[in-house]
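With the hints as your guide, set chain P onto chain S.
In the order they appear, the protein sequences are chains S and P. Residues 1 to 583 (the UniProt record's numbering) make up the first sequence, in order. Residues 1 to 583 (the UniProt record's numbering) make up the second sequence, in order.
It should be emphasised that the hints constitute simulated quantities derived from the structure, not laboratory data. Computed from a predicted model, the values in this text were never measured in an experiment. Note that beta-carbon positions come from the ideal geometry of N, C-alpha and C, so glycine has one too. Hints are not guaranteed to be accurate.
[What the hints assert, rightly or not] Derived Cβ-Cβ restraints for the label pairs, each shown as a range:
| hint | chain 1 | residue 1 | chain 2 | residue 2 | range |
| --- | --- | --- | --- | --- | --- |
| 1 | P | E567 | S | N491 | 38 to 46 Å |
| 2 | S | A106 | P | Q40 | 58 to 66 Å |
| 3 | S | H237 | P | N460 | 21 to 29 Å |
| 4 | P | K552 | S | L583 | 32 to 40 Å |
[As the list claims (entries may be wrong)] Quick partial rundown of chain S residues pointing at chain P, CB under 7 Å, derived from the structure:
| hint | residue |
| --- | --- |
| 5 | G127 |
| 6 | L209 |
| 7 | D363 |
| 8 | L547 |
[Claimed, not checked] With a cut-off of at most 30 Å between alpha-carbon atoms, the simulated DSBU-like pairs for lysine-lysine come out as follows:
| hint | chain 1 | residue 1 | chain 2 | residue 2 |
| --- | --- | --- | --- | --- |
| 9 | P | K189 | P | K246 |
| 10 | P | K233 | S | K189 |
| 11 | S | K517 | P | K552 |
| 12 | P | K189 | S | K189 |
| 13 | P | K581 | S | K517 |
| 14 | S | K552 | P | K517 |
| 15 | S | K214 | P | K189 |
| 16 | S | K280 | S | K320 |
There are 2 protein chains.
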Amino acid sequence: MDTPVLDRVNGPEDLKKLDVVDLRELAAEIRPLLITKLSQVGGHVGPNLGVVELTIALHTVFNSPVDHIVWDVSHQSYTHKILTGRKQAWTDPEHYDDVGPFTDPAESPHNYFNIGHTSTSIALADGMAVARDLRGSHENIIPVIGDGALSGGLAYEALSNAATLHSNLIIVVNDNEMSIAEDHGGLYKGLAELRETNGQSRNNLFKALGLDYKYVEGGNDIPSLLAAFTEVKDIDHPIVVHIHTKKGLGFAPAEANEEGWHWHAPFNPETGVALKQNDKPTYADVVLDELDSQIANNQPVVAITAAIPGGFHLKKFAAKHPDRYFDVGIAEQQSITFAAGLAEQGARPVAFENTTFLQRAYDQLSHDLGINKLPAVIVYAGGRVTGGDPTHQGTFDLAMLTNIPGMTVLTPANAAELRAMLQWALQQTAGPVAIRLPRGNADAEPLDADFDVNQMRVVNAGSQVALLAVGSMLPLAVEVAHRLQDKDGVNATIIDPRRVDALVDQNTLAKLQADHKLVVTLEEDSLAGGFGEKVSRYFGPTAVRTLNLGAKRRFDHEQTRDELMTEYQLTPDTATTAIEKLL
Amino acid sequence: MDTPVLDRVNGPEDLKKLDVVDLRELAAEIRPLLITKLSQVGGHVGPNLGVVELTIALHTVFNSPVDHIVWDVSHQSYTHKILTGRKQAWTDPEHYDDVGPFTDPAESPHNYFNIGHTSTSIALADGMAVARDLRGSHENIIPVIGDGALSGGLAYEALSNAATLHSNLIIVVNDNEMSIAEDHGGLYKGLAELRETNGQSRNNLFKALGLDYKYVEGGNDIPSLLAAFTEVKDIDHPIVVHIHTKKGLGFAPAEANEEGWHWHAPFNPETGVALKQNDKPTYADVVLDELDSQIANNQPVVAITAAIPGGFHLKKFAAKHPDRYFDVGIAEQQSITFAAGLAEQGARPVAFENTTFLQRAYDQLSHDLGINKLPAVIVYAGGRVTGGDPTHQGTFDLAMLTNIPGMTVLTPANAAELRAMLQWALQQTAGPVAIRLPRGNADAEPLDADFDVNQMRVVNAGSQVALLAVGSMLPLAVEVAHRLQDKDGVNATIIDPRRVDALVDQNTLAKLQADHKLVVTLEEDSLAGGFGEKVSRYFGPTAVRTLNLGAKRRFDHEQTRDELMTEYQLTPDTATTAIEKLL
Numbered sequence: 001m002d003t004p005v006l007d008r009v010n011g012p013e014d015l016k017k018l019d020v021v022d023l024r025e026l027a028a029e030i031r032p033l034l035i036t037k038l039s040q041v042g043g044h045v046g047p048n049l050g051v052v053e054l055t056i057a058l059h060t061v062f063n064s065p066v067d068h069i070v071w072d073v074s075h076q077s078y079t080h081k082i083l084t085g086r087k088q089a090w091t092d093p094e095h096y097d098d099v100g101p102f103t104d105p106a107e108s109p110h111n112y113f114n115i116g117h118t119s120t121s122i123a124l125a126d127g128m129a130v131a132r133d134l135r136g137s138h139e140n141i142i143p144v145i146g147d148g149a150l151s152g153g154l155a156y157e158a159l160s161n162a163a164t165l166h167s168n169l170i171i172v173v174n175d176n177e178m179s180i181a182e183d184h185g186g187l188y189k190g191l192a193e194l195r196e197t198n199g200q201s202r203n204n205l206f207k208a209l210g211l212d213y214k215y216v217e218g219g220n221d222i223p224s225l226l227a228a229f230t231e232v233k234d235i236d237h238p239i240v241v242h243i244h245t246k247k248g249l250g251f252a253p254a255e256a257n258e259e260g261w262h263w264h265a266p267f268n269p270e271t272g273v274a275l276k277q278n279d280k281p282t283y284a285d286v287v288l289d290e291l292d293s294q295i296a297n298n299q300p301v302v303a304i305t306a307a308i309p310g311g312f313h314l315k316k317f318a319a320k321h322p323d324r325y326f327d328v329g330i331a332e333q334q335s336i337t338f339a340a341g342l343a344e345q346g347a348r349p350v351a352f353e354n355t356t357f358l359q360r361a362y363d364q365l366s367h368d369l370g371i372n373k374l375p376a377v378i379v380y381a382g383g384r385v386t387g388g389d390p391t392h393q394g395t396f397d398l399a400m401l402t403n404i405p406g407m408t409v410l411t412p413a414n415a416a417e418l419r420a421m422l423q424w425a426l427q428q429t430a431g432p433v434a435i436r437l438p439r440g441n442a443d444a445e446p447l448d449a450d451f452d453v454n455q456m457r458v459v460n461a462g463s464q465v466a467l468l469a470v471g472s473m474l475p476l477a478v479e480v481a482h483r484l485q486d487k488d489g490v491n492a493t494i495i496d497p498r499r500v501d502a503l504v505d506q507n508t509l510a511k512l513q514a515d516h517k518l519v520v521t522l523e524e525d526s527l528a529g530g531f532g533e534k535v536s537r538y539f540g541p542t543a544v545r546t547l548n549l550g551a552k553r554r555f556d557h558e559q560t561r562d563e564l565m566t567e568y569q570l571t572p573d574t575a576t577t578a579i580e581k582l583l
Numbered sequence: 001m002d003t004p005v006l007d008r009v010n011g012p013e014d015l016k017k018l019d020v021v022d023l024r025e026l027a028a029e030i031r032p033l034l035i036t037k038l039s040q041v042g043g044h045v046g047p048n049l050g051v052v053e054l055t056i057a058l059h060t061v062f063n064s065p066v067d068h069i070v071w072d073v074s075h076q077s078y079t080h081k082i083l084t085g086r087k088q089a090w091t092d093p094e095h096y097d098d099v100g101p102f103t104d105p106a107e108s109p110h111n112y113f114n115i116g117h118t119s120t121s122i123a124l125a126d127g128m129a130v131a132r133d134l135r136g137s138h139e140n141i142i143p144v145i146g147d148g149a150l151s152g153g154l155a156y157e158a159l160s161n162a163a164t165l166h167s168n169l170i171i172v173v174n175d176n177e178m179s180i181a182e183d184h185g186g187l188y189k190g191l192a193e194l195r196e197t198n199g200q201s202r203n204n205l206f207k208a209l210g211l212d213y214k215y216v217e218g219g220n221d222i223p224s225l226l227a228a229f230t231e232v233k234d235i236d237h238p239i240v241v242h243i244h245t246k247k248g249l250g251f252a253p254a255e256a257n258e259e260g261w262h263w264h265a266p267f268n269p270e271t272g273v274a275l276k277q278n279d280k281p282t283y284a285d286v287v288l289d290e291l292d293s294q295i296a297n298n299q300p301v302v303a304i305t306a307a308i309p310g311g312f313h314l315k316k317f318a319a320k321h322p323d324r325y326f327d328v329g330i331a332e333q334q335s336i337t338f339a340a341g342l343a344e345q346g347a348r349p350v351a352f353e354n355t356t357f358l359q360r361a362y363d364q365l366s367h368d369l370g371i372n373k374l375p376a377v378i379v380y381a382g383g384r385v386t387g388g389d390p391t392h393q394g395t396f397d398l399a400m401l402t403n404i405p406g407m408t409v410l411t412p413a414n415a416a417e418l419r420a421m422l423q424w425a426l427q428q429t430a431g432p433v434a435i436r437l438p439r440g441n442a443d444a445e446p447l448d449a450d451f452d453v454n455q456m457r458v459v460n461a462g463s464q465v466a467l468l469a470v471g472s473m474l475p476l477a478v479e480v481a482h483r484l485q486d487k488d489g490v491n492a493t494i495i496d497p498r499r500v501d502a503l504v505d506q507n508t509l510a511k512l513q514a515d516h517k518l519v520v521t522l523e524e525d526s527l528a529g530g531f532g533e534k535v536s537r538y539f540g541p542t543a544v545r546t547l548n549l550g551a552k553r554r555f556d557h558e559q560t561r562d563e564l565m566t567e568y569q570l571t572p573d574t575a576t577t578a579i580e581k582l583l
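Here chain S stands alone, though its shape is the one from the complex (with noise of 0.2 Å):
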């Protein structure tokens, strides 16, 4: 590809010299790079087409890195990891993966924070204009946030604060009219009305909350977007500068499905076809299919999920059921709460959530579900050793979730034991019920008849080691207990404990202690505050001995997940040489 333009720019200062020709050029040299590579390796693309001349023109009009851009989520920095730098990431195929998909401090002095969750920028930039001005300097601080971004209540909260500072903050609203998925809420009618007036509209969040506001329908106009950053350069108190953009914009696939094409796998540049087509029934699946049951039944089953519908195929539960189906948005802490409510008055509402999102409602867990007793089920994804970038790392769910009084937690090992689980779940009304949700395409197993949410599973009964495998772990298991019979002649139990935030199961827990010198836990999340601490903890008194493999209390940066299932131990070779050195 031929990028005449973009090869004169190395960094923020050499688009300074550009004129607008050039710097609508320039956009339209950086689009085909980001679609070809996108189409390689995947990505967000979406976020990313639509805000390619934004990004230009705030790099043209302020001095990054002395003024402070601060991308919200940051999967939508491509273009600016372009501008400041790393373009080569982009032009040389052999340098792809050089950068990562969102803003690293490691990587360039133009990013401030490692950021994968959204809602932040604004409360990190008040910070920035705060202690900027404790040390009596003038440079811009910029956060730019999503519209879908401003749904989640740290945002609000950071409006509001902003609004008191006296001092220079100018908060980008890249308004795409677009959550992760179509937006919803309130809120967005306004957004809508500002959109239809021109900025004039009574109805203005921002100057509700004590802001100065300005509008800029442009927002893929470079042209319009240089005149309103330059009118804002310097200003000496925090101002809103709400910018409308066109999600996708440049590849017609993306323009014509702004959900579907937010992040995507591989595809065919010219036709946006994925190259991998997946239509086996996934985990995901067998939940959807067993809610039809309940509702069928009569259940009042509640469906609802913060903007990631997409994960758990839950448009399709929305098309059958609309009326129990809820999107609220990137707002997780609602998810939780909201359903605390539904529960309380008899509904059975199920939260689909990720386990990193999930963080954002530890609070409404604990306070609204689990002090309550309500028995609301959560179905999370993304409890695993995942690799690649920390902000999404999946090693959090148990010590998140095990260590919340009434919080029953469950780690299905197949898709029997899952719809188990769940029929369970949506039968007891004692408390909250969380359920991992296993990965990849589920197996047709039939029920687990036998699922009794007090009682381990013994998959063998052996002796003098026992292996508790948490969910996936199961299969590792059951290869570490072939390579000890086969090299140590040890026949060892083999337990899928399928409950893993209490030891309730005195019969097996005494059998272990009976039988047993050393009780193996293997599980792919972090052994800090984790099921194998706890099996630790109970049979520290006794003679049995423990060791607990598992993730280590760390963010994980750039090691793929079998460097990390290697060096945690949780491999057949690693998992066996472990063991056996206690034998």
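The following block gives chain P in isolation, referenced to the frame of chain S:
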């Protein structure tokens, strides 16, 4: 006290028989009851005195518990309790303890939730309304939220979602112009404008979020309230009824100092003078004293609170350092992410938190501070076995904090350690540090000159048995050691671990393994996810046995601290007995 009108009121149905003259008399009878009991047992003075008329009017117009009133925070629900069959808990000192300070479904069918954290009521009501619609019924759902609680992000998420409902929801905003401390944030400029314009101001947060809106100036005037509620009763869509009340109304000291009387210890009901004065320096004073020293040495220290300056004496700090003091309102997420922004720019933020409210910021602690390794300091109170209400239970601090990667958690046992830890936390730049504030008055010990974050403090070097005592448990360990010496002839090792998020002191750990058969941990927080489990995991593969003593994974309701400490084997008798069983 004569209460001729109240004598005729045993439930909301009796209010319907009273005329306005009677209802006003009823308010005049209730206030002295509130003040008298509050003066003897302490409690939320201002919030309850402000809503006497509001509560009477709600129960006169609506039909609780068919109609559902949900009190946000629920610390203002005393009159609600008086009017719904629980008046004896105010009229008869023998029955003062019959009811709790918050709503609790176990107490009455007029309560729906245990609530003690703010900003949840609208989200709960959203869920209740949807459940009602699903079952096809039509009762009124009425969350009552104070203006202070409106600053929490969950309230905003819930308002925006409420606007998408198409059925009855009556959101009463009780605007008394105050958070716990004075209001902070642009939100409150908007509310003030609404009050000043009788609800006509252009800048209307509620309308901007897509909601219908009605203003009632006479929030302590029964006829105004009756008229307003009668008008909105059975409304077919969500509406905000914004009511202007006077916090502390009817008790002169509380009217004169609204912040000081938000919550108050027992006092002389004539003068308002507290029955017990405490002039001794607290641990919070030690922190503030150290911050003064740091600022005198030109450290860019910034103090942050989420609307609870009182417990930390932060108003003293604010008076001395107004440009370094930030009360972000009830907005714990903001308090932490704001600190992240400050720290990234080189300031030294110190966030003063209460552990139970800090749960709101779990994701911010992890994603914004933890991943980014930002050196913010969190000084928090309340980490202990509290007794009393589960919504303010303090035993979850270590399970919340110590499993977040990169979060150093320190548990000082005395003022000398506290100051040394704070000095260290403010000079290091490796990452966030949480310091659990001891309770009570601070001794005047000199600085702990030996403090090293990577070394445990060995208080007594013994053998056989080691006692690892977290913070406040050190005196217990000393006493238990005496008993073990006297009764069993064991010279127990006593260790103050100082740092509880990780076991990094390899020398001491090696000595424990070499010379000890039993390692006992003592902590007044949840065993599940806490410090002891980390110790049990560490020694699990060895011959050393472990015993973890601490709080159960349970929400405690009515037990006292003493009862709980006995149950948790954290008294000299119980702990010694538990240990002796393993000798």
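Each hint tested on the structure:
no.	hint	verdict
1	E567(P) - N491(S): 38 to 46 Å	41 Å, holds
2	A106(S) - Q40(P): 58 to 66 Å	59 Å, holds
3	H237(S) - N460(P): 21 to 29 Å	60 Å, violated
4	K552(P) - L583(S): 32 to 40 Å	35 Å, holds
5	G127	2 Å, holds
6	L209	4 Å, holds
7	D363	4 Å, holds
8	L547	5 Å, holds
9	K189(P) - K246(P)	18 Å, holds
10	K233(P) - K189(S)	25 Å, holds
11	K517(S) - K552(P)	27 Å, holds
12	K189(P) - K189(S)	22 Å, holds
13	K581(P) - K517(S)	21 Å, holds
14	K552(S) - K517(P)	27 Å, holds
15	K214(S) - K189(P)	19 Å, holds
16	K280(S) - K320(S)	20 Å, holds
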